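Participant: Whole structure, please, built from the sequences with the hints as guidance.
Protein chains: 2
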Amino acid sequence: MATEIERKFLVARPPSEDALGRGVHYRQGYLAGEGDVDTRIRISDDEAWITVKAGRGVARTEVEVPVSLAAAESLWPHTAGRRLEKDRYLVTVEGGTAEVDRYAGELAGLWTVEVEFASEEAAAAFAPPAWFGVDITEVDGWSNGALARRGRPEDPPGSG
Amino acid sequence: MATEIERKFLVARPPSEDALGRGVHYRQGYLAGEGDVDTRIRISDDEAWITVKAGRGVARTEVEVPVSLAAAESLWPHTAGRRLEKDRYLVTVEGGTAEVDRYAGELAGLWTVEVEFASEEAAAAFAPPAWFGVDITEVDGWSNGALARRGRPEDPPGSG
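Keeping their order, the protein sequence lines are chains A and B.
For what it's worth, my numbering labels the leading residue of the first sequence as 1, then goes sequentially.
For what it's worth, my numbering labels the leading residue of the second sequence as 1, then goes sequentially.
Honestly, the hints are just simulated from the structure, not real lab data.
Honestly, I wouldn't trust all of these hints.
[Unchecked claim] DEER-style ranges, computed between Cβ atoms: (1) A:R88 - B:A122: 29 to 35 Å; (2) B:D155 - A:E116: 49 to 55 Å; (3) A:A118 - B:A122: 19 to 25 Å.
[To be verified] A partial selection of chain A residues facing chain B, derived with a Cβ cut-off under 8 Å: (4) A2; (5) I5; (6) Q28; (7) A48; (8) V52; (9) E154.
[Unchecked claim] According to the in silico footprint, chain B covers these stretches of chain A (three or more CB under 8 Å from chain B): (10) 15–22; (11) 31–39; (12) 106–114.
If you're wondering where the values come from, they're calculated on a predicted model, not measured in any experiment.
Using N, Cα and C, we set each Cβ at its ideal position, and we do this for glycine too.
Facilitator: Written out as structure tokens, the structure reads:
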């Protein structure tokens, strides 16, 4: 589906290692951003994808296509200064599956969590569990593209 | 192959319709450009691709992956102001196959031709046929991304 309906939060209290389970390590390099479009490569240990995200807010257009590791690595040098690394964990919450990201490298210490929904109504109705922090879905500077380019911003009002 | 070695020229005298043969119509919308990277979608009558080009000059990194028409159309609205249309024809020349582009819409009247090579040596050794015009491989403003965003620039010195 080309429309992704998603909310993103800071993590107030990271789940235990047991609750997190086994994560997947990703490197993400942002190829180019312009207007409301951002394009990236994502590389795991053995797979890679090109992803295009367009639009702002809860409902965005997202297209992701697999690409060979060799092709992804050939693009990687062109993402210098626009990169991040993270481990992603899938945690079940009421209303869906939470994608918990523990950032590494320059963003170490940062955790975020995203939940994808089937409709904007479901997104609006979602009651975040207590371990979720502030909703950063529409807060500037907290997209992965922004984090990769400019690092971690000031925490938004209401955090911590 | 992720490295594309290519030279691009204006067309001094377009080949006859017979020599051009049957073309393929493409719409190209540029998703985002940043640094030396540009990303686009290309849509023909029945296929579509996401393409990433990085670097400058004769040898560039290029990765192209097929994407569904539905996914490509979902991204198209996000390329407003960064589009072009053309018909592409394949014409045999000594040293390879020339990709002849006849632009349409706001760029109507413009023709360019590209030839891809196996090595930079072969690219340097290429003797363009008489119907080729000025070499625009390294002339600013003549990439398709630039043409789509800013329209046709002044013709470079030596043209016409």
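Participant: Decide, hint by hint, whether the structure agrees.
Facilitator: Against the structure, the hints come out as follows:
no.	hint	in the structure
1	A:R88 - B:A122: 29 to 35 Å	violated (44 Å)
2	B:D155 - A:E116: 49 to 55 Å	holds (50 Å)
3	A:A118 - B:A122: 19 to 25 Å	violated (53 Å)
4	A2	holds (4 Å)
5	I5	violated (14 Å)
6	Q28	violated (14 Å)
7	A48	violated (10 Å)
8	V52	holds (6 Å)
9	E154	violated (24 Å)
10	15–22	violated (count 0)
11	31–39	holds (count 9)
12	106–114	violated (count 0)
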